[in-house]
Amino acid sequence: MEKSKVYYTDLRTGNNNNLQQKLTRLIKKAGIADIDFEGKYAAIKIHFGEPGNLAFLRPNYAKTVVDIVKELGGKPFLTDCNTLYVGGRKNALDHIESAYVNGFSPFSTGCHILIGDGLKGTDDILVPVQGGEYVKEAKIGRAIMDADIFLTLTHFKGHEATGFGGTLKNIGMGCGSRAGKMEMHSAGKPYIDQETCVGCGACSRICAHSAAVVNDKKASIDHSKCVGCGRCIGVCPKDAVQAASDEANDILNCKIAEYSKAVVDGRPNFHISLVIDVSPNCDCHAENDLPIVPDVGMFASFDPVALDMACADAVNAQPVICGSVLDEHRHEHREEADHHDHFHMNHPDTNWKSCIAHAKKIGLGNDEYELIRVN
Numbered sequence: 001m002e003k004s005k006v007y008y009t010d011l012r013t014g015n016n017n018n019l020q021q022k023l024t025r026l027i028k029k030a031g032i033a034d035i036d037f038e039g040k041y042a043a044i045k046i047h048f049g050e051p052g053n054l055a056f057l058r059p060n061y062a063k064t065v066v067d068i069v070k071e072l073g074g075k076p077f078l079t080d081c082n083t084l085y086v087g088g089r090k091n092a093l094d095h096i097e098s099a100y101v102n103g104f105s106p107f108s109t110g111c112h113i114l115i116g117d118g119l120k121g122t123d124d125i126l127v128p129v130q131g132g133e134y135v136k137e138a139k140i141g142r143a144i145m146d147a148d149i150f151l152t153l154t155h156f157k158g159h160e161a162t163g164f165g166g167t168l169k170n171i172g173m174g175c176g177s178r179a180g181k182m183e184m185h186s187a188g189k190p191y192i193d194q195e196t197c198v199g200c201g202a203c204s205r206i207c208a209h210s211a212a213v214v215n216d217k218k219a220s221i222d223h224s225k226c227v228g229c230g231r232c233i234g235v236c237p238k239d240a241v242q243a244a245s246d247e248a249n250d251i252l253n254c255k256i257a258e259y260s261k262a263v264v265d266g267r268p269n270f271h272i273s274l275v276i277d278v279s280p281n282c283d284c285h286a287e288n289d290l291p292i293v294p295d296v297g298m299f300a301s302f303d304p305v306a307l308d309m310a311c312a313d314a315v316n317a318q319p320v321i322c323g324s325v326l327d328e329h330r331h332e333h334r335e336e337a338d339h340h341d342h343f344h345m346n347h348p349d350t351n352w353k354s355c356i357a358h359a360k361k362i363g364l365g366n367d368e369y370e371l372i373r374v375n
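Quick note on numbering: the sequence shown equals residues 1 to 375 in my numbering.
Any given hint could turn out to be false.
What the hints assert, rightly or not - Ranges between beta-carbon positions, derived for each pair: (1) Val101 to Gln130: 33 to 43 Å; (2) Asp34 to Arg12: 24 to 34 Å; (3) Asn16 to Glu287: 34 to 44 Å; (4) Leu290 to Tyr100: 57 to 67 Å; (5) Phe107 to His331: 13 to 23 Å; (6) Gly39 to Pro106: 13 to 23 Å.
FYI, nobody ran anything at the bench for these hints, they're computed from the structure. Ideal Cβ positions, reconstructed from N, Cα and C, are used throughout, including at glycine.
Sequences and hints are given; from them, build the entire structure.
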């Protein structure tokens with residue numbers, strides 16, 4: 001297989017040469033203009049950041065991508081799907097409000113925000129996964145699949161379950177509806193925390209399969225009837241309904257790869273990843289820790305697998321920031337510190353390579369790449 005091309009630029013700037021201009025040159029050099037945008041809807045998948053987290057990408061970067069899409073005749077919108085867990089982005093109204101709080105608005109980015117899976121995280125469609133071993137039909141947010149062109153703008157960082165959160169994580173997990181996220185994260189079905197439950201019946205009323213019932217002022221879920229749609233999670237006013245996040249990390253990574261393939265198959269797609277503020281955990285946290293390595297640069301490619309591989313290699317080539325959690329782990333596990341896998345050292349129970357390997361296996365992309373520098 002021929003090596004995929006990944007384009008890269010560093011973060012050095014000077015007079016009349018700012019980061020947005022460098023990002024513009026990178027994206028254009030990487031060939032985004034080869035896509036026919038004229039009159040077409042272009043979804044730009046991004047993470048708006050959980051309120052309280054400050055490591056997410058600034059909206060200025062989103063505006064750069066939006067401006068290029070408009071220049072090429074496209075109709076861009078920023079998008080993400082609602083979260084499975086409880087937080088500031090579990091329904092479309094809270095999600096958009098969180099995006100506004102973090103600086104993403106039509107005024108700052110030049111385009112509108114559409115939450116991909118609708119108001120309550122249930123507006124999805126079933127998308128076949130060609131070659132899928134774990135998922136035959138991915139549950140993807142409808143607005144994302146309605147777009148003619150799919151783009152990603154990713155903040156590359158560490159992740160407590162997948163090793164790192166890169167382009168494939170942004171696509172696969174990020175584009176899954178609440179039911180899709182349930183499928184990726186869980187080998188089982190949701191359950192109800194009996195201490196937190198107040199027996200209001202919201203879960204029972206929303207359940208289309210009569211799986212959630214209330215007895216003696218407490219709800220419970222009949223797993224023989226539950227289909228894992230996750231609607232009960234979204235409506236519970238006390239956050240008593242919990243997802244069974246019990247899937248093995250390697251299988252989680254494989255499912256993310258398969259969901260990613262469902263999203264990009266059959267339509268033009270292009271991907272951008274910024275390796276800056278490389279926090280140890282996901283931007284879904286309501287906080288962010290000290291970065292684990294110095295800022296690296298900006299990357300772009302048509303191949304999401306090669307892009308993730310190039311970003312991972314770039315991070316692993318960096319020195320560890322003194323005082324970071326990665327630095328602490330390195331001192332605790334000196335016998336493993338020479339392996340130069342920052343992600344595994346950061347979260348020893350993860351294996352990021354499983355996602356890359358499975359994505360390559362199912363034909364999503366290539367892990368071999370040619371790195372092309374753009375000044």
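ask   = aspartate 34 and arginine 12, beta-carbon distance inside 24 to 34 Å?
value = The hinted range 24 to 34 Å holds for aspartate 34 and arginine 12, with Cβ atoms some 27 Å apart.
query = Has the hinted range 57 to 67 Å been met by the Cβ atoms of leucine 290 and tyrosine 100?
reply = Once the Cβ atoms are compared, 27 Å apart, the range 57 to 67 Å for tyrosine 100 and leucine 290 is violated.
task = Just tell me: holds or violated, for the beta carbon distance of phenylalanine 107 and histidine 331 against 13 to 23 Å?
result = violated (46 Å)
inquiry  = A range of 13 to 23 Å was offered for this pair. Does it hold for the Cβ distance of glycine 39 and proline 106?
reply    = With a Cβ separation near 20 Å, glycine 39 and proline 106 satisfy 13 to 23 Å, so the hint holds.
query = Should the hint that valine 101 and glutamine 130 are 33 to 43 Å apart at their CB atoms be regarded as holding?
reply = Given a distance of about 39 Å, which is inside 33 to 43 Å, the answer is holds.
Asparagine 16 paired with glutamate 287, Cβ distance criterion 34 to 44 Å = Holds, at about 37 Å.
Hint compliance for this structure: hints 4 and 5 are not met, and every other hint is.
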